[in-house]
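Take these sequences, add in the hints, and give me the full structure.
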Amino acid sequence: MFAVGLLGLIAFGLLGPQSEVFSAEPARFSIAIQGRKVDPAQKTIRVIQGAALELEFTADETVELHLHGYDQHLMVQPGSVAVMRLDAKIAGRFAVEGHRFGSGAGGGPSRHHVMLYLEVHPR
Amino acid sequence: MAHGFGQRYDLPIPLSFYIWSAGATVALSFVGFALFLRQEHSFFRSQIEWHPKGRLVGAVVLSARALALAMLILVIVAGLFGSPDPIRNLAPVMIWIIAWVGLAFLSLLLGDVWALINPWDTVFAFAESSYRRIRVGTRFARPYPEWLGVWPALVLFISFAWMELVWSGKNVPADLAAALLIYSGLTWLGMFVFGRETWLGHGEVFTLVFGTFARFAPFARMPEGEGGIRVRPLAAGLLEDPPLTISMVALVIALLATVTFDGLLETPLWARIDFAVLDWASDASFWNVFNLREDQAVRLVRTSALLGCVLLFLAAYAVVSRLTVAVSGNPDVSAGLVIRSFVLTLVPIALAYHVAHYFSLLFIGGQYAIPLLSDPLGRGWNLFGTAGYQVDIGFVTPQLQWRVAVVAVVLGHMVAVYLSHVTALRVFGSRRGALVSQIPMILLMVGYTMLSLWILSQPIVETGAG
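These protein sequence lines are chains A and B, in that order. Going by my numbering, the residue at position 113 of the first sequence is 113; the numbering climbs one at a time, nothing skipped. Going by my numbering, the residue at position 337 of the second sequence is 1337; the numbering climbs one at a time, nothing skipped.
No lab work stands behind these hints: they were computed from the structure. Backbone N, C-alpha and C fix where the C-beta goes; we use that ideal spot for every residue, glycine too. Fair warning: there could be bad hints in the mix.
What the hints assert, rightly or not - Here are the simulated SDA-like pairs of lysine to any residue, each with C-alpha atoms no more than 20 Å apart in a straight line:
hint: 1; chain 1: A; residue 1: K37; chain 2: B; residue 2: G1149
hint: 2; chain 1: A; residue 1: K43; chain 2: B; residue 2: A1271
hint: 3; chain 1: A; residue 1: K37; chain 2: B; residue 2: D1274
hint: 4; chain 1: A; residue 1: K43; chain 2: B; residue 2: I1460
Unchecked claim - Some chain A residues judged to face chain B by a derived CB distance under 7 Å, without partners named:
hint: 5; residue: A27
hint: 6; residue: F29
hint: 7; residue: I31
hint: 8; residue: G35
hint: 9; residue: G69
hint: 10; residue: G92
hint: 11; residue: V114
hint: 12; residue: P122
hint: 13; residue: R123
This is how it looks when you write it as structure tokens:
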């Protein structure tokens, strides 16, 4: 029947997205954290699965970044560039959270801050 | 601190999937109109009866009951005495993912599993039969007031949804254990006062909720006293015994509303609302009138929105039911009858959205149960040798997630359209009346499906405020 056929096409991916807009080249992104925020244009970083990534962070105060899912941590100090390297092997949408803003000496019960999202799109 | 538990890494459904499935939704609604409307297919009333014999079935059921009771006790013990870290304690993953999401999946595929394993029922039934053996002829049950319907279960269900979506203690193992203990006491009290069966049918919220899901399943128990299993077409159970009572209608609509609200909370739209509340709460005097902290202000807004969402769904359904009566031109059919007859036809869409929304959570988040069963209290034990298991977040790929989501939502929609046709034929009698009367309900269904698809097409955003 027509209906079953249509669902079959969706299920087997014949009608899936043709997402050729992403590059699989080794990708480098420079991301500046200012006032506990990133530039809105960098709120979502999109790459294609399998890409080698270098995320270069600078910040105006000390912060510990945590990439969820891949579970990578990175300390960023003001005045220097900190680099997070990863192979984007697993597709999905992963939050990068900022923990312990400031000097990190205990601090207040600051909010959990999602700084940006990393979207790894399937090939 | 609660991060890491219950997280999902779903990519939003791409635009092309969205457009294809939205198009299919609309197209299939009209295919449904054209094909199905002539008469009710007798196929949908067919069933096979199966009477399993021997002790094996009894033994399987008994061990499933024992396992479920052991799990309830283990989760309470883990919550009370285990690690306070939600990802090192068995309680959160067992309650929110394995029990709530997992049992819903099992119910819609296999039938009313909960009725077989309900641990609160197990304990009470055992206590009751022991007591009766000692003092023959004792009866506990007080008559259950008819006007109370399933309203107790509705109140409990909204409380449960609030705990899942708003409560600050939802990932705090000790709070979860306390909630389970309170609910156990309440359930046993209800069973003691009104009788076990009566409370299961009116106040034990999970019996009613999983029972509603299980109406979709191809397997059902035989009527009381006959024993055995009926095998029926998928979703045929949703046509079996309407019209429902008004309180049951409200419970089913609340179920639909909360599933949708759960998705809505993760959209960028809701994140903006949360941040707006946080901004107000941090500097303006608005919330100070109530003497609220930031997080309390966010929870207050979410609580009101949850209740508002349930009321909105009830209102939309009531309006559409009235429209149905108005356009049908049949003076013998009241709006009340329409309201009570059609509500279960919406259930497949809710189930489909439930599957689409929770599929990856069940199979990725649910993996946390594997290491935690070996170390339920987070004390470094390794009971089954699985404590070192690493969760594989690539287990469900985005493509699989998308296809499951789209196929589920479109299929659920199609089944809902069909059930609604059959119900219309039964309620309105004539083919013509049924045809015209269907238009408002179909529009409601298309709108509900589109809303579900829209939510699935939104990226998941965490504000960290909840």
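Handout entry: Structure versus earlier hints - violations, ascending order
Key = 1, 5, 6, 7, 8, 13
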